[in-house]
Amino acid sequence: MPERRTVTINMGPQHPATHGVLRVELELEGETVVRAEPVVGYLHTGIEKTMESKLYYKALPCTDRMDYLAPMSNNLVYCLAVEKLLDIDVPEKVKWARVCLAELTRINSHLVQLGTHAMDIGAQSMFMYSFREREAIVDVYEACGGQRMMTSYIRIGGLAEDLPKDFDKRVRNIIKTFPDKLRDYEALLTDNEIFINRTKGVAVISAEDAIAWPLLRGSGVRHDLRKDNPYSGYEKFEFDVPVGEHGDAYDRYKLRLEEIRQALRICQQVVDGIPEGPYRAHVPGIVLPPKEDVLHKMESLIFHFKIITDGFCPPIGEVYQGIESPKGEIGIYVASDGTNKPRRVRVRPPSFINLASLPLLAEGRLVPDVVVAIGSIDPVLGEVDRFSTSSRLQP
Amino acid sequence: MEPRDRIRQLLTEQFSGSVIKEENFRNEQTFFVKPDAILDICQALLEDAELKVDYLADLTSVDWLGHEERMGGRFEVVYNLYSISTHYRFFIKVMLPADKPEISSVTAVWPGANWMEREVYDLMGIVFTGHPDLKRILTPDGFEGYPLRRDYPLTYEVPQFSWNKNDPPEVIT
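Just so you know, the sequences run in chain order B and G.
Per the working numbering, the first sequence starts with residue 20, numbered consecutively.
Per the working numbering, the second sequence starts with residue 1114, numbered consecutively.
These are calculated hints, taken from the structure and not from any lab test.
Owing to the predicted nature of the structure, the values given are computational and were not obtained by experimental measurement.
A couple of the hints might just be wrong.
Dumping the calculated PhoX-like pairs for lysine-lysine here, alpha-carbon to alpha-carbon at most 25 Å [stated by the list, open to error]:
1. LYS1147/G / LYS1165/G
2. LYS246/B / LYS1165/G
3. LYS360/B / LYS1147/G
4. LYS310/B / LYS184/B
5. LYS195/B / LYS273/B
6. LYS184/B / LYS195/B
Chain B is nowhere near these chain G residues, computed Cβ spacing over 12 Å in every case [to be verified]:
7. LYS1134
8. GLU1163
9. SER1217
10. ASN1227
11. ARG1263
12. ASN1279
We put the CB at the ideal spot given by N, CA and C, even for glycine.
Sequences are here, hints too, so could you generate the full structure?
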């Protein structure tokens, strides 16, 4: 009997199919993967440590840079966590706007996933289409906060500024044009024999394993924080939670398409019913007063100055807020020691935690299936490596 | 019975000697427990037919340097637990001393704890005994120190790699 020989190769960190600087150590027997070990830590962002040294509201821009495909979701979860810590409530209009922006972000992130995942498998054109559609969404971001990717638009206690006048029109336009585009995607991929052969039955995870290594909905586990623990007024909206059946890459692909449809449904409800009102909560000393007041009222000017220079001191305590981001549950755990800077900000990173399941998906399969597995987990490495040590941080 | 009450009942009946206190800050139920009981408590929570705490949502740690007396230890390990069937979230917290931060690994109960514990070990230096593969995960190979500890400096930081390990620290102003 011939000796059993294995070869160890590196996939990444510079590899187009790893969506960033992810390295996977593959031990191969022929072309079969015997052992796959993801190695992370190549992005040195130091986000969690940096946030500890910033005033609460100054830590917000760090959150954009974790999952750069879903900046609004990250802003939202940080703001909700700090608002919970401070025990403040935001106006109804803000809640509705936040829901709409979070759902647009979901579409944005899923579009990038669809495009890159399909491109990894060889369907080049899908990438062009999905990035074309994504433009409309980043245009909405730009109209809101002036930024296309690192938005920092959702702020503690409200929004950075009022929604743009044509917000309604832009979102309606997206809702109107999207169903046609989704049909195009389905024509390109859903019935595409190559795509089906590459993804069906590949990267399978059972429901039981999925709970242990959270890749839930693709495997038929109905877990969605928007329904189960509603935040930011999600209980007011009607939508379904799609789940997969077989827990393979194809199911996760179909799930994402369905989630885009549900997100559009929620956006429709928002633009139909968004109430009028202020875009920031009135909490003197914690939430910045509106700019027009700062220019004309003495008291507002003083509060503005105080918040910008000193920040605010929340009570001693620790809170956790989780939301359903495009990639899974993203959570922020804030520990306050009563000073104006957080003692600890912990991000529960969905990409990091989902990526831990890669060995389960890849072992025993062929090398090209590893690419499918990574694409269907959809990790964003900015979030995986949200710690690491940063080099030479300026004070 | 409400999950909230059931957890309290389970912990006070089975682990009365190990539960230090219960806190409800902002409606988040938190139990501080003794470190040596953590594995048994987690196992009991998972196996309880009514609670079914099957989902370890997060595992993290906080360094309370300078607040040891109030908190009862320097390092706080936070188990963020969730039940997919009852949709209930609660927290188990453990305080560990500064000189020997060590606790049993819960990977046997929730396999997904693997990477989370490695991250806590890497950044905070808390040792999880019984972990199958406890090694650094985010920092480079051969890194010394635990960067998320409060006494690890943020400014004037000299990143350590193999090539500059013996160089004098560079002061950045």
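A quick look at each hint next to the structure:
no., hint, in the structure
1, LYS1147/G / LYS1165/G, "holds, 22 Å"
2, LYS246/B / LYS1165/G, "holds, 19 Å"
3, LYS360/B / LYS1147/G, "violated, 29 Å"
4, LYS310/B / LYS184/B, "holds, 18 Å"
5, LYS195/B / LYS273/B, "holds, 21 Å"
6, LYS184/B / LYS195/B, "holds, 19 Å"
7, LYS1134, "holds, 14 Å"
8, GLU1163, "holds, 17 Å"
9, SER1217, "holds, 18 Å"
10, ASN1227, "violated, 6 Å"
11, ARG1263, "violated, 8 Å"
12, ASN1279, "holds, 18 Å"
In summary, the structure is inconsistent with hints 3, 10, 11 from the numbered list given earlier, while agreeing with the others.
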